[in-house]
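Residue numbers (this note's numbering), protein chains in the order written: chain A, 1 to 306; chain B, 307 to 612; chain C, 613 to 918; chain D, 919 to 1224.
Treat the hints as calculated values from the structure; they're not laboratory data.
None of these values were measured; they are calculated from a predicted model.
From the three backbone atoms N, C-alpha and C, an ideal C-beta is built for every residue, glycine too.
Honestly, I wouldn't trust all of these hints.
Said to hold, decoys possible - Derived DSBU-like pairs: lysine-lysine, alpha-carbon spacing no greater than 30 Å straight-line:
| id | chain 1 | residue 1 | chain 2 | residue 2 |
| --- | --- | --- | --- | --- |
| 1 | D | Lys992 | B | Lys585 |
| 2 | B | Lys395 | B | Lys475 |
| 3 | A | Lys279 | C | Lys691 |
Stated by the list, open to error - A few chain B residues that face chain D, going by a derived Cβ cut-off under 7 Å, partial list only:
| id | residue |
| --- | --- |
| 4 | Lys385 |
| 5 | Ile581 |
| 6 | Glu605 |
| 7 | Asn612 |
Stated by the list, open to error - The calculated label-pair distances, taken between Cβ atoms and stated as ranges, are:
| id | chain 1 | residue 1 | chain 2 | residue 2 | range |
| --- | --- | --- | --- | --- | --- |
| 8 | D | Val948 | B | Lys380 | 38 to 44 Å |
| 9 | A | Phe130 | D | Ile976 | 33 to 39 Å |
| 10 | D | Ser952 | B | Ile381 | 35 to 41 Å |
| 11 | C | Thr656 | D | Phe936 | 52 to 58 Å |
| 12 | B | Lys335 | A | Gln261 | 28 to 34 Å |
| 13 | D | Asp955 | C | Glu661 | 51 to 57 Å |
4 protein chains.
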Amino acid sequence: MKIMSIRTDLALETHQHFTEKAEDLSGVKVADKSVKDIEITQVTIETEEAAEKMGKPIGNYITLHTPDLRYIDKILYEKICRQIANEIKELIDDDVDKSILIIGLGNRAITSDSLGPQVTDRLVVTRHLFSHAPEMLSTNYASVCAVSPGVLGITGIETEEIVSAICEKLKPCAVIVVDALAARNIDRITKTIQICDTGINPGAGVGNNRREISQKTLGVPVIAVGVPTVVDAVTIAKDTLSSTLNDAESDMIFNSGKIPQEILNFTTTPKEIDILIKKSAEIVANGINFALHDNITFEDIDIFVN
Amino acid sequence: MKIMSIRTDLALETHQHFTEKAEDLSGVKVADKSVKDIEITQVTIETEEAAEKMGKPIGNYITLHTPDLRYIDKILYEKICRQIANEIKELIDDDVDKSILIIGLGNRAITSDSLGPQVTDRLVVTRHLFSHAPEMLSTNYASVCAVSPGVLGITGIETEEIVSAICEKLKPCAVIVVDALAARNIDRITKTIQICDTGINPGAGVGNNRREISQKTLGVPVIAVGVPTVVDAVTIAKDTLSSTLNDAESDMIFNSGKIPQEILNFTTTPKEIDILIKKSAEIVANGINFALHDNITFEDIDIFVN
Amino acid sequence: MKIMSIRTDLALETHQHFTEKAEDLSGVKVADKSVKDIEITQVTIETEEAAEKMGKPIGNYITLHTPDLRYIDKILYEKICRQIANEIKELIDDDVDKSILIIGLGNRAITSDSLGPQVTDRLVVTRHLFSHAPEMLSTNYASVCAVSPGVLGITGIETEEIVSAICEKLKPCAVIVVDALAARNIDRITKTIQICDTGINPGAGVGNNRREISQKTLGVPVIAVGVPTVVDAVTIAKDTLSSTLNDAESDMIFNSGKIPQEILNFTTTPKEIDILIKKSAEIVANGINFALHDNITFEDIDIFVN
Amino acid sequence: MKIMSIRTDLALETHQHFTEKAEDLSGVKVADKSVKDIEITQVTIETEEAAEKMGKPIGNYITLHTPDLRYIDKILYEKICRQIANEIKELIDDDVDKSILIIGLGNRAITSDSLGPQVTDRLVVTRHLFSHAPEMLSTNYASVCAVSPGVLGITGIETEEIVSAICEKLKPCAVIVVDALAARNIDRITKTIQICDTGINPGAGVGNNRREISQKTLGVPVIAVGVPTVVDAVTIAKDTLSSTLNDAESDMIFNSGKIPQEILNFTTTPKEIDILIKKSAEIVANGINFALHDNITFEDIDIFVN
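Work out the full structure: start from the sequences and follow the hints.
Here is the structure:
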């Protein structure tokens, strides 16, 4: 009997999955803190055994969980941006002359997959200005460049190939990769932001041939910032069940082999994804802008970003 | 105990729901026919009792079920367009000088709700050409005009108010309303096209104050053409269960009151909705173009539609 | 010999045209004032004779000329919005229960013609909230609704027909029409905002069958707000000449009949029109928001407009 | 006194400029041929002296001039695509295992500059399918990949840096670069297609720091395909004059230093550029598809391109 696994790109959800089953997770540390209206959790995978069990590499995974971004006020909005910035800064070594390459992964034409391109559209990109228009730059702005390379189906090129090619050419001191993620809990869609220092690691067995984008493949630190935008249909069914049945019953149903193929193959996104992803992209972009450009303000950002 | 009902805009699914429960549905007739690769079902609601039970007015509801529009060849594509055209023509009286107003409902900025506006973008609109450029018109083209009035949240105006205002002014001999629908079965999303002669009737109790658009309110026949683009999350869960448990078990779970609020409030659309809805809009628009303009060809349509 | 006339939708430019030629313009009054960085001119056409000569109806035409909106700071941005609001308020009677219908003219799919639809996307629309969600409304917000009806070539319906149909139905106390304009001076493109109380009057002889939208046709006051986005190619040529030759020479060239047809038929817009029109739409929308909703702030607007 | 030069990216127009002035152009050969409704001109720059005078490198520049793409029928449409394909094939060595990298230059968010990205959206990209889905490929399809890297102002990276990075990584046997061009004659906008074997060479003195993309910099043959989408305002003025005045008079005016700065700085595009560039992108993309994939049909292309 094949045991159905639940797909998630969030380390926090993988961790919850095991703790719900009361399974041993030595080698994984979890710390919570709450800043007003933002729940922050840090999952640290410390050993190879834990990494294998979690299906994710050794490293730090910080998760911010926020209220619905459509209904927050300006003060909380700025607080979330600042918190994203702080977490990113924690993970990047503080070099004097930092130069950062930001990669917006995903497909601009598929709304649920367009987080990366939408974030790069809103970044304060400065690398060219150091020579072309230095008067636009305040002291302590980083050298930032950004590319949205497109997806394999559109370009015919593995994302990793393009990213490593650009990285070899530009030799940034760090890379930030932004991507839309899959969650298992619909309540996390565009409400959770995951920031990690392990890059993008599709992992074996997922059937997705997208290759790893990480310090191992690029040679420089790779921070990944992601927001869940999709949930598998079967996960919604499972979560519904687990609120009404006990685990044994729920597992039995899910491993019965009776679930229709069209449900197993169906990945969902909220019907309002257009608005939700726009709000997420803004907040992630501003978090990155704050992280990289010391003392930059929203007004400064408005001047750079049309 | 409140009994949870399953939301669907498809008469066929409502009918299936009752027949699954072996409930009496006298006053509803169902006829199937299959044209190669297109399953066609006609549900006819004949009595007020049946209408009340079905939650839909007396009238004819034709459903075409097609393969995934992304992977069909040109021959099947044309066959589907022709079949849509035939069904629409069956429902419209064949006047010599027909003038038709087409209304594209929905929100252009929310992909899953943009079927109506995307269809109107692809229509062969001719009303103005009879005076401005008659040389562009073949004999037997109808006088067609089309409006996408926008949604209440954007305009501040009930759609029905705008439509009836325009209808009173232009006095068309019939109205065709195009809208995105909700289904209960994810396999119907952008694979089913419903054509009915009862217009748009949101019905009491749905909590949606959008008012009726029908012959009763407009004074002329109103054909509605719809394609399901969303499914409630809770429906996915229910369909998963019903494939593994018996009805009593499944109903018990769903009426237990234990399903989390975020699932109850969550409406899903497929992650590739951008592509799926574009294909649907094309096929519905061409079906309407074929229905209204005798002998028009795809090449003729290309000349009108940029 | 046919005398070529220069096309402009700006009363100010028509006036300048006549004064450059030292022609009599009794019946037209012009007053200038300058608020820091905003030049404001009010042209008042007072007599039928002047109206005929100007090709524009009796009424008030206020023109704001601003610096390039891409490079202004937040303080000037707000000042321009406030000034637009003031001018609109001057032209609308101050009723206690005001209800306003805003019409965004133009074609959303043609960037240079999309000012109207882009403005309506950014308006604080409230009409439906008085019944549906009154808690969202501050005291002294007006009842505002907004429609972008589309253009004749897309809908098959004269804009005036749709607008008058909706107006008869909703019976607003005033209408504001927003549209992209033609100027004769390229320096006015997206730098000038014209606000007038005469509505939209395409005028005889322009060859454009779009009919009048005004108090005469709608029965309520009609304010038009427009921004130039296009200039005829031949006008650019003429303006270039008039900076180097005297009037007689310049006129002789332009009335020689030797100008190539492709130049006469060519209307230009700046290559960066996408950015320019977005900035204009934002500032016009916020001017209208400030005019209609007392004490509304940018933050309030952000909550209403996604 | 500085002599104003006229900007154009078309070798044909540069050549015409000199021949109008009856200047010597030895080292440049021009050959015309006309296929029904398509005028084709081949300009060949053969010597370094001619290259310097023309401001363009030694090589072949083929220009197709077509009727307005909005109004052509299907037969001419296909003929133009086939002709583009033929000209491209003439310039690419016919290797058995050809692998081609296509670069769509320009800014997707600026309509007049979006030719490159719009073309790459419509290409039959196959490189990944040789390993992932070989059943989708007919024999004699080339290995094609495509990237739209974005513009310097958005990415912070010189286009040439990204292109050469990707090129070094993928080692294609040839590169095709697609870009929007400037013309001097408005009648060429989206009616002319230039295909050359010299790549993209912004040239010294243009003030545009975009660096060369050519066989010299990339190490493999570089074909450039371009379509004019913009014309300088001052050029429109000059062309108007040259149709009414003699050259000496016209030159005197243009070199008088009296032309206003806002005209000198203003680059125009047609007001309908949205539609025009969409049509151009389709025809260029299909020309490239036909050139690279032997025996591919429009129907095959439809299956690959959503």
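Hint check:
no., hint, in the structure
1, Lys992(D) / Lys585(B), "holds, 22 Å"
2, Lys395(B) / Lys475(B), "holds, 24 Å"
3, Lys279(A) / Lys691(C), "holds, 27 Å"
4, Lys385, "violated, 15 Å"
5, Ile581, "holds, 5 Å"
6, Glu605, "holds, 6 Å"
7, Asn612, "holds, 5 Å"
8, Val948(D) / Lys380(B): 38 to 44 Å, "holds, 43 Å"
9, Phe130(A) / Ile976(D): 33 to 39 Å, "holds, 35 Å"
10, Ser952(D) / Ile381(B): 35 to 41 Å, "holds, 37 Å"
11, Thr656(C) / Phe936(D): 52 to 58 Å, "holds, 54 Å"
12, Lys335(B) / Gln261(A): 28 to 34 Å, "holds, 32 Å"
13, Asp955(D) / Glu661(C): 51 to 57 Å, "holds, 52 Å"
Going down the numbered hints, you'll see the structure goes against just number 4.
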